[in-house]
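Trainee: Go by the hints and put chains B and C onto chain A.
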Amino acid sequence: MTAAPLLQIRHLSTHYVGEQGARIVRAVDDVSLTVDAGETLGIVGESGSGKSTLALSILRVLPPAAQIVGGAVLFEGEDLIRKSEADMRRIRGKRIAMILQDPMASLNPLFTVGDQIVETIRVHDGAARTAAWRRACDLLRAVRIPAAEARVNQYPHEMSGGMRQRIVGAIGISCGPRLLIADEPTTSLDLTIQAQYLSLLRELQRAHGLALIFITHNLGIVAKMCDRLAVMYAGRIVEYGAVSQVFNAPSHPYTEALLSSIPRIGDERQRLIAIDGQPPDLAALPAGCAFAPRCPRALPHCHKEAPPELALGDSRRARCWLLAAASITAGAEPAGVGLTDGAP
Amino acid sequence: MRRYILRRAGYAALSLLLLSVTIFLFVRVTGDPAALLVEPGASPGDIAAIHHRFGLDRPIWVQYWLFIANLAHGDLGQSFYYQIPVMRLYLERLPNSMILAAVAMAFSLLIGIPSGILAAVRVGRFWDQAGKLFTLLGLSMPSFWVGLLLILLFSVTLGWLPSSGGGGPTHIVMPAFALGWYFAAAHMRLTRSSMLEVLGSEYIKLARIKGLPQSLVIAKHAFKNALIPVLTLAGINLVLMVNVAVVVETVFAWPGIGRLLYEGIAFRDFPVVQGVVLLGGVMIVIVNLLVDIVYAVIDPRIRLEK
Amino acid sequence: MSVPAQTAGLNLRPRRLRLIRRGKLPWIPILILGAIVFVAIFANLLAPHNPEVGVLSERFRPPFWEAGGSTKYLLGTDQLGRDVLSRLIFGARISMVVGFTAVIFAGAVGTFLGIISGYLGGWVDQVIMRLTDTWLALPALTFAIFLAAIVGPSMWNIVIILGAVYWTRYARVIRGEVLSLKERDFVRLAIVAGCSKWAIMWRHILPNVLNSAIVLGTLMLGVVIVAEASLSFLGVGVPPPQPAWGLMLADGKEGLMVGYWWLTVFPGVCIMLMVLSANMLGDWLRVRLDPQLRQL
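Residue numbers (the numbering used here), protein chains in the order written: chain A, 1 to 344; chain B, 345 to 650; chain C, 651 to 946.
Hints should not be assumed to be uniformly reliable.
[As the list claims (entries may be wrong)] Pairs of lysine-lysine, BS3-like flavour, derived with a Cα cap of 27 Å:
hint, chain 1, residue 1, chain 2, residue 2
1, A, 83, B, 568
2, A, 94, B, 476
3, B, 564, A, 94
4, B, 476, B, 549
5, B, 476, B, 564
6, C, 903, C, 722
7, A, 83, B, 564
8, B, 549, B, 568
9, B, 568, B, 476
10, C, 847, C, 832
11, B, 549, B, 564
12, A, 94, A, 83
13, B, 476, C, 674
[Said to hold, decoys possible] Residues from chain B shown here face chain C by an in silico Cβ test under 8 Å; the list is partial:
hint, residue
14, 488
15, 545
16, 624
[Said to hold, decoys possible] Some chain B residues flagged as far from chain C (calculated, every beta-carbon gap over 12 Å):
hint, residue
17, 364
18, 414
19, 476
20, 480
21, 572
22, 639
It should be emphasised that the hints constitute simulated quantities derived from the structure, not laboratory data.
Heads up, the beta-carbon is just placed ideally off N, CA and C, and yes, glycines get one too.
Just chain A, same shape as in the assembly (with noise of 0.2 Å):
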C-alpha cells in the first residue's frame, strides 16, 4: 500500500463525564485503527463496547456529556479534532457520511423524503432547487427505489423499513463522501431485507469507490463484507487485522469466543455456546485486561497490568498477555471461569 491512508485514527480516547465529574465512563480508551480509500472495515464488539461513541468521535458529533480527551483522527492527512465547528460542519454529510441505526428515528416524520435529501445537497453543494431535486430522484434510482418521482415526495411513515433505510443510504451519498460509517444499518430490518441491503451497499461502494466503516456486532456480516477487522471490548479495540486472519486464527480469548458461539451447520455439539459473565460496566473497569474475568485463558497478569497493543506482523495487532510470553511471569494455575456449556 503506498497511498496514504484515508482515515488515520491514532490514540483516540473519548469520556463520558457525569455527576459533576464524579464519575467517568471510558467509552472509547486509547483506540488506534487505519481505513485506505476503497476499503472495508468492521468494527464489531458488544452493546457497550463503545462502537458507536467511536463512530461519532470521528463526525464529533458527540452529546455534551461526552468529551474527546486525547489522541488524533486523520482524515486526508488533517486531524479532525482540531478543526474548528465550521470545517467539521463542512466535513460531515460532504466528505465523511453516516448511517444510523434506526431510520424511522433518523428520518423527521414532519419532512418528505425528498426534502430530507434535498436540504442536505443544497447545504453543501449549493445546488439550485430543480437540479437538487432531480439529483434526489437519481439517488432513490440509484438505491433502487421503485417509483422515484413518486416516492419522494412521501413521508417517512408511508414507507417501509427496508425502503427507510436505503433512503438513509441515500442521504449518505448524496454528495459524494469519500468515507461512509454505517452504525448497523441491518440490525433493524428484517432478515431477507438485509442482505439486499448489504449487496446495495457493496455496489454503491464499488460505484463511487467509497471507503466503508461498517459497526455491528454480527460476525457473520464482517466475513461478507469487510475487508479488515477490529474487535472492540470495554472501549478498547482488542485484536486488528484482516478478516480472512482473524477469522482463520483469531489471536484474543475475547474473538475466539465469539467465533466458537456462532453455531454451524453441521456442527455436532448439541448445546449453544455462551461466553459467561457480563460485559464489563465501562465507569467502573477493573484494574487489568478488562476482559480478564470472562478469560477462559486469564493469567494472574492480566487481572494486574492491562496488556498494551502488541504487533503481530501483517499488520496484525491485539492486546493480550498471552502473545508477549517475555512479559509473564510463569507460574500459577491460569484463573477465570471457562466457557460454560449452558443454555443461553
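Mentor: For chains B and C alone, kept in the frame of chain A given last:
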C-alpha cells in the same frame, strides 16, 4: 371517529350534569339558600316569600328540575345589584375577559417560547440558569401581586400608565402582563423540556451528521416538533386564563367576568356569583370537548381508533 | 441492601434515607421555610406589637429608613396604625396553618380516593373519576370563591374549602400510579397469599405512592398559599382583623395610589418567599425521589 366524538360528548354532558348537581347541592347543604337569594337586611316575611317564589318549599327533585329547566333557557336569575338578568350581564362582560386573556396569552408565548428555546439550546450555561431563575420567580409570584407592583411602578411612581378601568392599549398592558407572567414561566419550562427532548432525538442527530448548520437544525427540524406540546398547553391555558383572571381584573378594575364575580361577592349578589361559576364551568367543559374533537380530526391515529 | 422480595413494597424507603445521607440538600428553601415555621411558632415572642389592634395616631407610618418612620415600627404601619412587622409575623402563622393543613387534608382525601379508585376499579373508579373530572372542570380559584361566598369567611372554613377543591390533583396522579403498581409482582404475591384488599392497599400500595404524594404536597403548598392569599385579597378568605398576608395586600391597595408602598411590597415578598421555597423544595424532591415524577 364518530364513536370517539360521541363518547367524548357523552362525557361532557355527564360532566355538565354533575356540575349543575354540585353547584345546586352545595348551595343547599350549607344552610338556607334563601339567605343567599334574598337581599341583605330582609325580614322573615320576605324570606318566606322567597321560599315560595323560588320553590324552595317544594321537594328537592322538583327544585332541581326547575333549576335545570331554567338553565336550559339561559335563565340564571336576576342580579340584585344591577337588576338585569345574570346571563345578559355575563355575556356583556365576557368579551372583555377574552380580550384580556388573548393579550395575556400572546405575552406569555412571546416571552415563554423564545426563552425556552434559548435555555434548551444553551442548556447548563448562562441563559439556561437565567431561564431557571425566571421560571422559579414566575411561578412563585402571585399574579395579583405582580399587578400591584406594576401599578406601583408605572402608575404611581412613573405615572405612565392608568391604573384601572377598561379601554385601549394603555389600559390593557399591565393587567395582561400580570396575568400572563405566571403562564410565561410555565410555557418557558415546557418549551425548554420539550426542546431538550427533541434535541436528543435520532433525527436531530442525523441532521447534525448530515452537516446541516446548527441554526437550520434548530429552526427547521427541532422547532416544529418541540412546539407541539407547548401549543397544546397554551390552548388549555387560554380558557383557564379567562376564568382565573378574577384577582387581576379586580386589581385593575378591568370590566370582565372576573371583576363581575368580585362585585357579586362584594355586593352579596348571589345570583351573579352562582351564574359566573356555573357558566365558567360550562365554558371549560365545552371548550375541552371542542379541543378533543379538533384533535380527532387532525390526528389520524385517533381517527382510526375503534 | 438485601431486601427480601416479599417486603419489596418497602424498597422505596431506603431511597428516602439515602437522600439525607448524600448531604446535598437544597439549603435555601429549607432555611426559608424553617425560618417561616420558626417565626410562626414563636410569633408571640417575636412580634413587637399587637397585630390586630392599632394606634390610630400612628397610621401610615413608612418603614424606619424613610422620612417619617421610626424604629418603633420597623416596617411601618397600616391604615389602622397596626405594626406591619408584627402583622407579617402573625401572618406567617396563618399561612403556615392554612397551607399545611389544607395540603394535608387535600392530600389525605385525594390519596385515599386515588388508591381506592385505582385499586378497586369498577363503578367506584367511574364515580370518583367523573367527580374528579367535574371538579377539575371548575377552575380551582373560582370554585373556592364560590364555596367561600356560600359558607362565609373564616380560617377553618378556608382550610376545608381549599382541601375540598384541591384533592382532585392528588386523586388523578395517585390513581395513575396505583394502576401501574397493581401489575407489579409484589402485589400479586400478596393477593395469592390471601391478603384482603384493604390490607394490600394499606401495606403495599400506600407506602409506594407516598413518594408521589409528598412531592405533590410540596408543589401544592405553593398553590394553596397563593389561593388563600387570593381569597383573602378578595375578601372571602381569612376575615379581618386577622393578619393574613393576602388581607394585608387588600388593605394595602387602598394606600397604593398615594404611594404607601410598604403595605404592598412586604406582604407580597413574604408570600413569594414561601411559595418559592415550597416550589424549590418540590422540584428537588421530584428529581431525587423518583425520576418518573418529572412529568408532574
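Trainee: Would you mind marking each hint as holding or not holding in the structure?
Mentor: Hint check:
For the given pair, residue 83(A) sits about 31 Å from residue 568(B) by alpha-carbon distance, which is inconsistent with the 27 Å threshold. For the hint pairing residue 94(A) with residue 476(B), the CA-to-CA distance comes to about 38 Å; that exceeds 27 Å, so the pair is violated. Pair hint residue 564(B) plus residue 94(A) holds up; C-alpha atoms about 20 Å apart against a cutoff of 27 Å. Using a Cα cut-off of 27 Å, the hinted pair residue 476(B) and residue 549(B) holds, with the two alpha carbons roughly 26 Å apart.
Pair hint residue 476(B) plus residue 564(B) holds up; C-alpha atoms about 25 Å apart against a cutoff of 27 Å. Taking the CA atoms of residue 903(C) and residue 722(C), the gap is near 24 Å; set against the 27 Å cutoff, the hint holds. Annotation: proposed proximity of residue 83(A) to residue 564(B) holds, straight-line Cα distance about 26 Å (limit 27 Å). Among the hinted pairs, residue 549(B) with residue 568(B) is consistent with the structure: their alpha-carbon atoms are about 16 Å apart, no more than 27 Å.
Using a Cα cut-off of 27 Å, the hinted pair residue 568(B) and residue 476(B) holds, with the two alpha carbons roughly 23 Å apart. Distance restraint check for residue 847(C) and residue 832(C): the Cα-Cα separation of roughly 11 Å lies within the 27 Å cut-off, and the hinted pair is therefore satisfied. Distance hint between residue 549(B) and residue 564(B) is fulfilled; the C-alpha atoms sit about 14 Å from each other, no more than 27 Å. With a CA separation close to 15 Å, the supplied pair residue 94(A) and residue 83(A) stays within the 27 Å bound.
Between residue 476(B) and residue 674(C) the CA atoms are separated by roughly 19 Å; this keeps the pair inside 27 Å, and the hint holds. Using the Cβ-Cβ criterion of 8 Å, the hint placing residue 488(B) at the interface with chain C is satisfied: the shortest such distance is roughly 6 Å. With a cut of 8 Å, the hint placing residue 545(B) at the interface with chain C is violated, because the nearest CB-to-CB distance is about 18 Å. Below 8 Å, beta-carbon pairs count as interface contacts, and residue 624(B) has one with chain C at about 5 Å; its hint therefore holds.
The beta carbon of residue 364(B) sits about 10 Å from the closest Cβ of chain C, which is not more than 12 Å, so the claim that it is off the interface is violated. Listed as outside the interface, residue 414(B) is consistent with that label: its C-beta sits roughly 18 Å from the nearest C-beta of chain C, beyond the 12 Å cut-off. With a least CB separation of 10 Å from chain C, residue 476(B) falls inside the 12 Å interface cut-off, contrary to its annotation. Interface exclusion of residue 480(B) from chain C breaks down, the closest Cβ pair being 6 Å apart, not more than 12 Å.
At roughly 16 Å from the closest C-beta of chain C, the C-beta of residue 572(B) stays outside 12 Å, upholding its exclusion from the interface. Remark: the non-interface label on residue 639(B) is consistent with the geometry, its nearest Cβ contact in chain C lying 17 Å away (cut-off 12 Å).
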